[in-house]
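> The primary structure of each chain is shown beneath.
Protein chains: 4
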Amino acid sequence: MDVIRDIARRVSNWGRWGSADERGTVNFITPEVIRRAAACVKRGAVFSLALPFAGDGPQFGQGGRINPVHLMTSLQNQLGADPEGPRYSDDVIMMPLQCATQWDSLAHVHYGGQLYNGHPASTLTAAGAARNGIDKMAAGIVSRGVLLDLARVHGVERLQPGHVISPAALEAAEQAQGVRVESGDVLLVRTGHIRAFTVDHDRIAYMKQMPGLGIACVEWLHAREVAAVASDTNMVEVFPLEDPAVMLPVHALCIRDMGLTLGEMFDLEALASDCARDGEWTFLFNAPPLPVTGGVGSPINPLAVK
Amino acid sequence: MDVIRDIARRVSNWGRWGSADERGTVNFITPEVIRRAAACVKRGAVFSLALPFAGDGPQFGQGGRINPVHLMTSLQNQLGADPEGPRYSDDVIMMPLQCATQWDSLAHVHYGGQLYNGHPASTLTAAGAARNGIDKMAAGIVSRGVLLDLARVHGVERLQPGHVISPAALEAAEQAQGVRVESGDVLLVRTGHIRAFTVDHDRIAYMKQMPGLGIACVEWLHAREVAAVASDTNMVEVFPLEDPAVMLPVHALCIRDMGLTLGEMFDLEALASDCARDGEWTFLFNAPPLPVTGGVGSPINPLAVK
Amino acid sequence: MDVIRDIARRVSNWGRWGSADERGTVNFITPEVIRRAAACVKRGAVFSLALPFAGDGPQFGQGGRINPVHLMTSLQNQLGADPEGPRYSDDVIMMPLQCATQWDSLAHVHYGGQLYNGHPASTLTAAGAARNGIDKMAAGIVSRGVLLDLARVHGVERLQPGHVISPAALEAAEQAQGVRVESGDVLLVRTGHIRAFTVDHDRIAYMKQMPGLGIACVEWLHAREVAAVASDTNMVEVFPLEDPAVMLPVHALCIRDMGLTLGEMFDLEALASDCARDGEWTFLFNAPPLPVTGGVGSPINPLAVK
Amino acid sequence: MDVIRDIARRVSNWGRWGSADERGTVNFITPEVIRRAAACVKRGAVFSLALPFAGDGPQFGQGGRINPVHLMTSLQNQLGADPEGPRYSDDVIMMPLQCATQWDSLAHVHYGGQLYNGHPASTLTAAGAARNGIDKMAAGIVSRGVLLDLARVHGVERLQPGHVISPAALEAAEQAQGVRVESGDVLLVRTGHIRAFTVDHDRIAYMKQMPGLGIACVEWLHAREVAAVASDTNMVEVFPLEDPAVMLPVHALCIRDMGLTLGEMFDLEALASDCARDGEWTFLFNAPPLPVTGGVGSPINPLAVK
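Chains as they are written, first to last, in our numbering: chain R, 1 to 306; chain W, 1 to 306; chain E, 1 to 306; chain S, 1 to 306.
Okay, chain R solo, but in the shape it has when bound (with noise of 0.2 Å):
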């Protein structure tokens, strides 16, 4: 924890936006910064970057996790006498808060006995997150967002597992696009990783393995002040761990010590193609939580517009 806790003094926000914030760093959206969002729409374009919520998604029951179970309450009910008259039908889901496309909300992880801006590990019950559930991001998350393709700058269609992303291949990769994150942007970072499920439809090796940020990196977000950081794998962190001592670092230096809000299993192969055709590399980016009361997570669908 060492190396955390050296790392963690250096990009703290505890207290930067008050004592009692539960926001962490989508406090870097400003009005201006919405404004300069909006005025990325150019084209008119809309990108979903959500995988299906399927029975056949990424899920293979590693910790609880399985896929959203989805099935009918009301099926073609007749309403009123005539059998040629309307009739509806209703459903529900079953889903881990976690199982595909989503945000971790700042109680997702923490160390030491709390949570992000010091908020005591107590106030995490079996009745949810009382302080940083994903309800307290209810009005957001919306920004300018800023695609990185990793994968397309290395000239690869995909980034393999375990390979660890640098602050200088993220510099890298600005440069080839001509882009540059500012404070407030929302950061997505493409390894092309996504296609071992949505292409070769393995399950074990998408969600076991991925290639991501490296630790060095958490400085780097903290520097440019991004508001949110979302990837195309499960964890937007490398795995295998860069070192096996160091569980999930960028996680817990993001979430407790930073405020930083991740967001995982974006599909970004279609927005990528589209931005690698225009060189437009930025777009108004909208990916509202569902306000569930105490959520640490929330299944999301996030949307780029052009």
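To be clear, the hints were calculated from the coordinates, so they are not data collected in a lab. A quick note: this is a predicted structure, and the numbers were derived from the prediction, not measured. Among these hints, one or two may not hold up.
Any copy, or any two copies together, can satisfy a pair, since identical chains are not distinguished.
Unchecked claim - Quick list of in silico lysine to aspartate or glutamate cross-link-like pairs, DMTMM-like style, CA-CA up to 25 Å: (1) K42 <-> E182; (2) K208 <-> D82; (3) K42 <-> D82; (4) K42 <-> E32.
Dock chains W, E and S against the given chain R, drawing on the hints supplied.
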């Protein structure tokens, strides 16, 4: 059914966007409409129109609809050997897709053995909606939103249950607010009735009876080429019904004949107050549904950006 | 807590069946007791003591308890090519383990950081009960059942909510019925209160207040070496409490100190009528819990065989 | 279907217990049979025949069947003001009614538009089984159990997948064990195949192929007037099928034509060892289903008492 079939002949959009179409009036949202929507962002202010998703939501068991059941699957689970090291928490939700703020998909209501665009009712099974499911709306719903505040125009805090909204009332609101609903817009109709739940905490008063659109509005919605219409009630249309012999005519005609998506239980209170303050009744509207494969609806967190 | 701790000293069974025991008073059910139970089968008549498991059950959302949600996962699914050939249907249920007729496991209630037999409360986590879970009762509960019909002995259809049952009343019932509760027996206490739900259909009247065992019965149950005790109410013990300052004393002392399993919401009406008719108040009692690993309770369908 | 329809004519029990009957061969369990069953209790030994209901159960997602999802809804919740005072814990389960040890109801399989006893298939909807539901078996299933240990008689630890059990093999087991299946008995057929799951922990080997009853056994079960038949596999009948063109003939004929209840995934290992030891192959069998209203099956914990 004669009343419905008669109007259906005049408002049907079957075939308008091809025989395979499953998106209906959302097709009115052209790139130009989306650019017009983005241009509505002037201040950079965001409003969430969702009710909280929680066990104390508006449902009271009617028709098998329950409030969300939110449970922890992992609670402060230790990662690695160090008890002071990172811990994670996961959760799961079970909820009717119609439990709170939501979109009805074009498979939610049908009659005469056919869904919107003539897709056979046999495509709607215990496995879900193979046609017109909410997953077909994945890349939406982003457009210009127009709020018509019927309660404010009538000079009341809220319209009474059973109050029938007429086309004339909608146009009176347009004139009073100095706005006009155009092709591709998402129309938000405020009645104030949601206060029966959010202020009075009376689920039954909120869910069992409500003010809403009368059947005469259907042709008006068709003429204006509205992309979607939402309200702050559980049905959008008035209940008790205008004619007890004609079941859910607005649902039947909008969803099945026009292919018009309905949004229910939108909390429009904060947005309406802001619009009244600055006189701006249009905004960028963004409400991406969760792409639940075969879903007949989706819980949503609609955002209005001004 | 002084009252509880004082009685606890006298009724504690901790260590009585070894320091590893997780079954408590069910250990009183010896092979001899089971043979005595089987000998009670004289006519070959079977009585189910369960409420139906359905959406219209007794729960009304109190404490997050809902009624079972029963849904079809496969509906008349065709097997093979012939539509006239075999079809199958499957279903799923989501229910609180405490939603209707049930056993409380010995992990359901505890105090002072310890469960029955001194097992630490830390064994009870979001993953379930590692100690004293209902799965430890898999090979039970089969024994001789003895029904004491308190309502009938009092000459009323049902005892009133708040009515405190005393040891004297239990012994009066024994004498009136000509039966005696012996070591290893399962005691069924009928109050008639279940009629508030089954006859009056008033969930709230049934669930919020009830007649039941008073704290004085705890030592009586201990002296008689009862294996388990069940009643036709939601709590077995009286509510409102005898002393508002002493929370659930019967649950606390029976479950945590004696290791006595409690059964709730048993429908004893048909069985009681039959026993009154033939004068036989003992029978083979059989209520195997579902061995839910780590469950703190189990839904059951108890059978009485005469 | 000709093969099935031909046998159906000879084994049909439609109308045998009246046109309204929904219980089928369970009607063979007369009071006399129950008395004979109770007389089998000689030692007072109890055996649970259930698999644990847990997340690591035998399901692997086939046909949408998942293992039970067990979650805590209340975890050590403090009652009253004193933190040292009583605390309670509650939990919830979501499980397919067919996930582990279970009864198939007489609505589980049908063909030709009719369920057992001619009840129309239209009674089986998204709301459940209005006819032949497992709730109709609430007062059962208690009878004499007879275990036929096919593996032991063949001198093997377990029969191989695809092994077809014939009537001759059943009678050979009767002779070897010195027992005879009589009217009203519950027949338990041990193949040993469950060890693929309980010993080898190979879900797929256990669930995808299995030894079991061949189609010729149907008429034998009919002639012997068996009340119910259960086995230690997922299907009771052999799979792969004897004739790929005849889908699930034993399910179709037993459930739909005879009204014979099938029990699946019974763990017979401990019971079989005991019976082999003492030479007693009959016992009091008790497996009350949860009376899930409209359920097409029920999870159970069957008990054998010797």
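> Against each hint, give a clear statement of whether it holds in the structure.
Outcome of the hint check:
1. K42 <-> E182: Both ways: K42 and E182 sit 20 Å apart in one copy and 20 Å across, limit 25 Å.
2. K208 <-> D82: Between copies only: 22 Å across, 54 Å inside.
3. K42 <-> D82: neither (50 Å within a copy, 51 Å between copies)
4. K42 <-> E32: Classified as both: same-chain Cα gap 18 Å, cross-chain 9 Å, threshold 25 Å.
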